[in-house]
Amino acid sequence: MEYAVMMSVIGAGLSIGLAGAGSSIGIGTAGTKGAGVFGENPNLFGKVLLMMLLPGSQGIYGLLIAILILNNMGALTGEISVTAIDGMKYFGAGIAMGLTGLFSGWFQGKVAAAGIAMLPRAEELSGKFITQAVVVETYAIFGLLIAVLLVLL
1 MEYAVMMSVI
11 GAGLSIGLAG
21 AGSSIGIGTA
31 GTKGAGVFGE
41 NPNLFGKVLL
51 MMLLPGSQGI
61 YGLLIAILIL
71 NNMGALTGEI
81 SVTAIDGMKY
91 FGAGIAMGLT
101 GLFSGWFQGK
111 VAAAGIAMLP
121 RAEELSGKFI
131 TQAVVVETYA
141 IFGLLIAVLL
151 VLL
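Take the sequence shown: its letter number 19 is residue 19 in my numbering, and every next letter is one higher.
Hints should not be assumed to be uniformly reliable.
Unchecked claim - Here are the computed distance ranges between Cβ atoms for each label pair:
id	residue 1	residue 2	range
1	60	123	25 to 33 Å
2	81	50	38 to 46 Å
3	80	28	31 to 39 Å
Hints listed in this document are in silico derivations from the structure and should not be mistaken for laboratory results.
Fair warning: this is a prediction, and the values are worked out from it, not measured in the lab.
Each residue gets a CB set at the ideal place from its N, CA and C atoms; glycine is no exception.
Produce the complete structure using the sequences and hints provided.
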């Protein structure tokens with residue numbers, strides 16, 4: 001049982017840790033570009049902020065999976081009960097969400113930064129720039145879906 005609890009807790013930690021890192025990297029990348037653009041044209045603040053915040057959703061997904069894992073293993077009630085199979089499922093869920101969150105957040109930030117850089121020259125295309133960044137989110141959603149299924153099944 002101790003091994004199963006350890007794998008469960010590691011899964012929860014990897015979920016929020018890796019997905020949160022991806023969000024931080026992505027927001028930092030887009031925010032760095034956004035600061036320069038906003039400095040040139042303060043009227044673009046709303047569009048820059050929206051694109052800058054897009055990679056933040058991966059961290060939220062990672063947090064959700066970590067909470068689901070901790071809740072299902074009984075850590076939130078103090079009555080921990082985890083089988084070896086459960087421990088491996090929770091570990092797999094954490095890896096699935098963590099890795100998809102890390103890489104999609106990171107690269108969504110790069111796509112958002114490229115769109116932000118183009119805003120001063122082609123503000124009318126802002127919807128298309130946002131759409132490009134949102135496409136990268138698809139893979140975080142796939143990771144979230146698989147992680148939820150692993151935790152709840």
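Hints and how they fare:
| no. | hint | in the structure |
| --- | --- | --- |
| 1 | 60 / 123: 25 to 33 Å | holds, 28 Å |
| 2 | 81 / 50: 38 to 46 Å | holds, 43 Å |
| 3 | 80 / 28: 31 to 39 Å | holds, 36 Å |
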